[in-house]
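Novice: Single-letter residue listing:
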Amino acid sequence: MALEKILRRSGKAVPVVGDDIDTDRIIPARFMKCVTFDGLGEYMFYDVRFDPDTGKKTAHNLNDERFKEASIIISGSNFGCGSSREHAPQAIAKAGFVAVIAEGYAEIFFGNSTQLGIPCVNVSHADRLKLSQAVEEDPAQEIIIDLEKMVVRYGAGEVPCAMREANRQALMSGDWDPLQELIDNADKADAVAASLNYI
Amino acid sequence: MSKNLYEKVWDAHTVAELSDGSTQLFIGAHLIHEVTSPQAFGMLEEKGLTVKYPQRTFATVDHIVPTNETEEPYSDPLAQEMIDAIRRNTRRHGITFFDTNTGMQGVVHIVGPEQGITQPGMTIVCGDSHTSTHGAFGAIAFGIGTSQVRDVLATQTMKMGKLKVRRINVNGTLAPGVTAKDVILHILKELGVNGGTGYAYEYGGEVIDNLSMEGRMTICNMSIEGGARCGYINPDETTFAYLKGRPYAPKKEAWDAAVKHWEAVASAPDADYDDVVNFDAADIAPTVTWGINPGQGIQINETIPTVSTLPEDLQSSAREALEYMDFQEGQPIEGTPIDVVFIGSCTNGRLSDLQEAAEAVKGRKVAEGVTALAVPGSQIVALEAERLGLDKIFTDAGFQWRQAGCSMCLAMNPDKLVGRQICASTSNRNFKGRQGSPTGRTILMSPVMAAAAAVTGKVSDARKVFTITG
Ligand code: SF4
Numbered sequence: 001m002a003l004e005k006i007l008r009r010s011g012k013a014v015p016v017v018g019d020d021i022d023t024d025r026i027i028p029a030r031f032m033k034c035v036t037f038d039g040l041g042e043y044m045f046y047d048v049r050f051d052p053d054t055g056k057k058t059a060h061n062l063n064d065e066r067f068k069e070a071s072i073i074i075s076g077s078n079f080g081c082g083s084s085r086e087h088a089p090q091a092i093a094k095a096g097f098v099a100v101i102a103e104g105y106a107e108i109f110f111g112n113s114t115q116l117g118i119p120c121v122n123v124s125h126a127d128r129l130k131l132s133q134a135v136e137e138d139p140a141q142e143i144i145i146d147l148e149k150m151v152v153r154y155g156a157g158e159v160p161c162a163m164r165e166a167n168r169q170a171l172m173s174g175d176w177d178p179l180q181e182l183i184d185n186a187d188k189a190d191a192v193a194a195s196l197n198y199i
Numbered sequence: 001m002s003k004n005l006y007e008k009v010w011d012a013h014t015v016a017e018l019s020d021g022s023t024q025l026f027i028g029a030h031l032i033h034e035v036t037s038p039q040a041f042g043m044l045e046e047k048g049l050t051v052k053y054p055q056r057t058f059a060t061v062d063h064i065v066p067t068n069e070t071e072e073p074y075s076d077p078l079a080q081e082m083i084d085a086i087r088r089n090t091r092r093h094g095i096t097f098f099d100t101n102t103g104m105q106g107v108v109h110i111v112g113p114e115q116g117i118t119q120p121g122m123t124i125v126c127g128d129s130h131t132s133t134h135g136a137f138g139a140i141a142f143g144i145g146t147s148q149v150r151d152v153l154a155t156q157t158m159k160m161g162k163l164k165v166r167r168i169n170v171n172g173t174l175a176p177g178v179t180a181k182d183v184i185l186h187i188l189k190e191l192g193v194n195g196g197t198g199y200a201y202e203y204g205g206e207v208i209d210n211l212s213m214e215g216r217m218t219i220c221n222m223s224i225e226g227g228a229r230c231g232y233i234n235p236d237e238t239t240f241a242y243l244k245g246r247p248y249a250p251k252k253e254a255w256d257a258a259v260k261h262w263e264a265v266a267s268a269p270d271a272d273y274d275d276v277v278n279f280d281a282a283d284i285a286p287t288v289t290w291g292i293n294p295g296q297g298i299q300i301n302e303t304i305p306t307v308s309t310l311p312e313d314l315q316s317s318a319r320e321a322l323e324y325m326d327f328q329e330g331q332p333i334e335g336t337p338i339d340v341v342f343i344g345s346c347t348n349g350r351l352s353d354l355q356e357a358a359e360a361v362k363g364r365k366v367a368e369g370v371t372a373l374a375v376p377g378s379q380i381v382a383l384e385a386e387r388l389g390l391d392k393i394f395t396d397a398g399f400q401w402r403q404a405g406c407s408m409c410l411a412m413n414p415d416k417l418v419g420r421q422i423c424a425s426t427s428n429r430n431f432k433g434r435q436g437s438p439t440g441r442t443i444l445m446s447p448v449m450a451a452a453a454a455v456t457g458k459v460s461d462a463r464k465v466f467t468i469t470g
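Note that the protein sequences, when read in sequence, are chains A and B. Per our numbering, the very first residue in the first sequence carries number 1; after that it's consecutive. Per our numbering, the very first residue in the second sequence carries number 1; after that it's consecutive.
There may be inaccurate statements among the hints.
Computed from the model, here is a short list of chain B residues facing chain A with C-beta under 7 angstroms [claimed, not checked]:
| hint | residue |
| --- | --- |
| 1 | 15 |
| 2 | 18 |
| 3 | 20 |
| 4 | 146 |
| 5 | 147 |
| 6 | 316 |
| 7 | 431 |
| 8 | 433 |
Using C-beta positions, here's what the derived DEER-type ranges look like [said to hold, decoys possible]:
| hint | chain 1 | residue 1 | chain 2 | residue 2 | range |
| --- | --- | --- | --- | --- | --- |
| 9 | B | 102 | A | 180 | 32 to 40 angstroms |
| 10 | A | 144 | B | 277 | 38 to 46 angstroms |
| 11 | B | 91 | A | 39 | 21 to 29 angstroms |
Note that these hints are calculated values from the structure, not bench results. Keep in mind the model is a prediction, meaning the values are calculated, not measured. Even for Gly, the Cβ is constructed at its ideal location relative to N, Cα and C.
One chain only, chain A, in its complex shape (with noise of 0.2 angstroms):
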């Protein structure tokens, strides 16, 4: 099955300010009890975005109507930290977010991310402080992940970002869902099957 190939995304942006955002903030786990990720959108980032004594709507930049339209999340370092829930990539994904640039991610988070299709490229923190507050100023203005160039592009120019190049060219190739070239493998998995003395 031939997927798209990914080689750049873009959109508005929306800062989640902060470092360590870990998957119990990204969905909390009350909301993991659900037989499919459909409904999750709904509840990502759930505690920031709502008020736990009130339950009224904070003044989160994920609730401000200026962001309303984000589909890219700006965040610090060691983004996804925390539990292996594809819970937190998959509400992401549902809440409409394509992409997440920051200065850098817990390793089960980005395996799980670029195996959904999402981007997410790390910058320099003195390019997420650059980027955060452009789109600050200018919550409108187009940002650009070129995963070719491997830069940031935004209204007043450009970044430059990374990624760990395996995940890139899958992204870039349309091989980011790795199901059906595994399967294409089963005789070789066979073979280490058989090679192995356990179970």
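Assemble chain B with the ligand onto chain A, guided by the hints.
Specialist: Just chain B with the ligand now, kept in the frame of chain A:
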């Protein structure tokens, strides 16, 4: 140069190089639970695929099972729907399922080892980040996402990039009252929550050599809290003695052959590592967290750090932590009042953890106003604990004795913090809202430290409370 265990296991399980340069890895054992598997079965069925090697997948339920009710349907219909789904999926695909009525159900990372499914030299995955626990046996074990659960179900393989290996030596002898949990909290505090990104951690040194399998599991369990996808310990006599006679362990002649293979898979004494870090046991004291990630820890007699003295990259999360926890810079952590005590989870819900805590609270009472839960990690742990009378010791002291499950570790079942409650917890994550209340607070510690918190009603030095001396 000689190979380390990670490289040997990696090579033995490599199926092919994929088009993007990553590796297709064969997975020896696949563990599944109710939260991250139903969507994967859904994806499989959508594509008309089946489970390739059903005998290599093992299932249980842990996250959503209530620990205080056995009657079904459960009072939470969503929990019932999830348990029904895993029953249906395992039955349909011929997968072994340690259901609640088998006497073998429990937290997936406790069930695998106690059944003897977890063995040295294997690759093990599970849709759960604490799969790193199984590395205690010298397996390469790591958590995966649901799409990868799908891949493993469909092909028994997955796509993976090779990690670097960091050897972490813990040298010397631990002082009395210092446990495996303190060792890993110490390592996390020193190396940070993302210091392990891109690495597998290999733990070694005298302290690790002298630990029981249960202590080793506690350490490997929290590797992921340091950003390391997996953590492992080379198999040795302690490992073999633990496995011998377990239901899925090799028997008779197969056992001898297996031990030979396991000995050979351990890292060579002159093995190469990408990085080596040394710790001295003498520097490790009972350690607790003060913040909102597991790397924000201090020793029990230290004070909460002043933000400006921390490295710059840690300052913003430290500020956020102080605000969330409502703690002050320079405040001693000892004496912090607590509301709830939780002893359990895949980090510290095994028999020896419960024994240590029970021994400590024996003949004492849980402090006024404190809710204390002792939750065995599996039905087998529960049974053994009850045989030893630990349940009685706990309940006499004022603890609630529960049934097996994840319970208040992440509160997907009815066990939850309420409002701003502070919990002294033996689990592995102190993230904001982790224990079920969006504003609830968690202080991570060892079982004996949690026992001390229970009887004093505040964060306390277990060595003083229980007069632990060498
Ligand atoms: S005990 Fe906690 S960390 Fe372990 S599997 Fe259950 S929820 Fe996850």
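Novice: Now tell me if each hint is right for this structure.
Specialist: Cross-check of the supplied hints:
1. The criterion of a C-beta within 7 angstroms of any C-beta in chain A is met by residue 15 of chain B, whose closest approach is roughly 5 angstroms, and the hint holds.
2. Taking 7 angstroms as the C-beta cut-off, the interface hint given for residue 18 of chain B holds, the closest approach to chain A being about 6 angstroms.
3. Satisfaction of the interface hint for residue 20 of chain B is found here, the shortest Cβ-Cβ separation to chain A being roughly 4 angstroms, below the 7 angstroms cut-off.
4. A least Cβ separation of about 4 angstroms between residue 146 of chain B and chain A falls short of the 7 angstroms threshold, and the interface hint therefore holds.
5. A distance limit of 7 angstroms between C-beta atoms decides the matter here; for residue 147 of chain B the minimum to chain A is near 5 angstroms, and the interface restraint holds.
6. With 7 angstroms as the threshold, the beta carbon of residue 316 of chain B comes within range of chain A, its nearest partner Cβ sitting at about 6 angstroms, so the hint holds.
7. Of the supplied interface hints, the one on residue 431 of chain B holds, with its beta-carbon coming within about 5 angstroms of a beta-carbon of chain A, less than 7 angstroms.
8. Contact between residue 433 of chain B and chain A, as hinted, is supported at the beta carbon level, the nearest pair being about 5 angstroms apart and thus within 7 angstroms.
9. Distance hint check: the CB atoms of residue 102 of chain B and residue 180 of chain A are about 36 angstroms apart, consistent with the given range 32 to 40 angstroms.
10. For residue 144 of chain A and residue 277 of chain B, the hinted distance range of 38 to 46 angstroms is satisfied, since their beta carbons lie about 41 angstroms from each other.
11. The supplied range of 21 to 29 angstroms is met by residue 91 of chain B and residue 39 of chain A, whose beta-carbon atoms lie about 26 angstroms from each other.
The structure fails none of the hints (numbered hints given earlier).
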